[in-house]
Amino acid sequence: MTASPSADAAALEDFRTVQQWRQSFARFWRGGEPEPAAFEALARFVAVNEVTPDEIIDSVLRSKESGDLMLRTRARRKWMDLIQEFEDTEQSRDAANGVRSFMIHNGVAMNPPILR
Amino acid sequence: MEFLNVIGSRRSIRYFQQGRAVEREKIQTILEGARLASRAVNVPWAKAIVAYRDRLTQDEIDSLKTPFASVEFDLAPVYILWYHDMDARRVAIESSAYPSVASGTLQDIGALGPPHGWSHKYVQEVVLPEVLMPGLSAGPQRGGNADAAVAMTQGLLCAVEEGLGACLAPFNEAGAAEVFGVPDTWEPVQAMLVGYSAESPQAGGQRPRADWDKTFFLGHVDKPYPRDPAVTESMKEQGLIQEPSPIPWRSDEVRALSRGFRLPGGEPVEETA
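Going down the list, the sequences are from chains A and B.
Under the working numbering, the first residue of the first sequence is numbered 1, with each subsequent residue one higher.
Under the working numbering, the first residue of the second sequence is numbered 1001, with each subsequent residue one higher.
Hints were generated in silico from the structure; no laboratory data involved.
Since the structure is predicted, the reported quantities are computational estimates derived from the model, not experimental observations.
From the three backbone atoms N, C-alpha and C, an ideal C-beta is built for every residue, glycine too.
You may find that some hints are simply not true.
[What the hints assert, rightly or not] Footprint (simulated), chain A over chain B, 3 or more residues, beta carbon under 8 angstroms:
| id | segment |
| --- | --- |
| 1 | 1031-1043 |
| 2 | 1064-1073 |
[What the hints assert, rightly or not] Beyond 10 angstroms from chain A on every Cβ pair, some chain B residues (computed):
| id | residue |
| --- | --- |
| 3 | R1024 |
| 4 | E1025 |
| 5 | L1106 |
| 6 | P1114 |
| 7 | P1140 |
| 8 | D1147 |
| 9 | L1157 |
| 10 | A1174 |
| 11 | V1179 |
| 12 | E1233 |
| 13 | G1265 |
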């Protein structure tokens, strides 16, 4: 059994992009959901950067007039760097991967450096 | 490995063993296989650059990535960047360096000759001015080239035969040009990422394909080519047709691989189903 998410992590539940994360995660892995620790990592990440989960994704995937989404590569790069900083600060690849998982399941492809 | 089994065993491998180098001779085998591929007028349309990841800086590696293929460049120890040489036809015509149709070599060796209506005079006075030379003045033209892809594919199958894993992926053209000094007359085809697979040989099973009846036709597009079940069965026995995806334990395999490489998705998950 894993612990329940903290209050801060629970506060993320209503965000559209967090719901998207849950749904996409369950679809790919045929059930299950991100670890409570991943929600908590996301909660710490958004607090550190003073931003909401929706604002992160919306800054990378902008809506065009046509309704299609456009990937903003500079914004993607910015968040990739901030997640790497978060990993370095927390000394935790798992915590950073929790945030990366949130990004990926919202349509923002990224990966950490490979540890060799 | 038997030929049909080579085709059947090919998968797009996206996880590679680290610390296990690819033998030089295996890379050469891939290139030798590509070199002998069929090509129009015997012109070497395909060009390839071999690069070893560990000899590149991280910035150089990153410059090859696209939003569609990123982590693969970090995991694969060898890249073979395949190109279509848009200037190959002009060089073949203007230079005698290549044994192409334009130089008359294919007539000299008996590959093309009078039984098919070909002679040196026909090549020099008809094929060259009416087929090969028109359009050259417009300069190199982008738009892909089937023969370059055929060469790459032949190399890909050689990689499988050599026991390697490989995956074709797009790469950043400008980044590659900067790192490898690629001339602007070379148009990217794909990067072949090569190494020893960290995945199981099934790698999730053979990928689903579009319906046979909507793909192959006999005599008219309204008439699907008949698929004989006995032949299909024989192809299974010979390893061309293998266990299809999804394989039940693939999720577990992907999770374990991700955990091993410390990639997102490798975190433990409580199963609900």
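(request) Hey, is R1024 (chain B) genuinely clear of chain A, shortest beta carbon separation above 10 angstroms? (result) holds (21 angstroms)
(request) Would you assess whether P1114 (chain B), listed as outside the interface, keeps its beta-carbon beyond 10 angstroms of every beta-carbon in chain A? (result) holds (57 angstroms)
(request) Measuring Cβ to Cβ, find out whether E1233 (chain B) lies farther than 10 angstroms from everything in chain A. (result) holds (31 angstroms)
(message) At 10 angstroms, judged by beta carbons, does D1147 (chain B) keep clear of chain A as stated?
(response) Nearest chain A Cβ is 32 angstroms from D1147 (chain B), so the label holds.
(message) Does L1157 (chain B) clear chain A by more than 10 angstroms, comparing its Cβ with all Cβ atoms of that chain?
(response) Its Cβ never comes within 10 angstroms of chain A, the nearest being 27 angstroms, so this holds.
(request) Report holds if the minimum CB distance from E1025 (chain B) to chain A is greater than 10 angstroms, and violated otherwise. (result) Given that every Cβ of chain A is farther than 10 angstroms from that of E1025 (chain B), nearest at about 25 angstroms, it holds.
(request) Decide, holds or violated, for the assertion that all CB atoms of chain A are farther than 10 angstroms from the CB of V1179 (chain B). (result) holds (18 angstroms)
(request) Could you let me know if the closest chain A CB is still more than 10 angstroms away from the CB of G1265 (chain B)? (result) For G1265 (chain B), whose nearest Cβ neighbour in chain A is about 7 angstroms away, the distance does not exceed 10 angstroms, so it is violated.
(request) Determine whether the non-interface label on P1140 (chain B) survives the test: each CB of chain A must be over 10 angstroms from its CB. (result) Per Cβ check, P1140 (chain B) is outside 10 angstroms of chain A; nearest 28 angstroms; holds.
(message) So L1106 (chain B) supposedly isn't at the interface. Is its beta-carbon more than 10 angstroms from every beta-carbon in chain A?
(response) holds (46 angstroms)
(message) Just to make sure I understand the rule, a stretch counts as covered if three or more of its residues have a C-beta closer than 8 angstroms to a C-beta of the chain. Does the segment 1031-1043 of chain B meet that for chain A?
(response) violated (count 0)
(request) Just double-check A1174 (chain B) for me: nearest Cβ-Cβ distance to chain A has to come out over 10 angstroms. (result) Label holds. Min Cβ-Cβ 13 angstroms, cutoff 10 angstroms.
Of the numbered hints given earlier, the model fails hints 1 and 13; all others are met.
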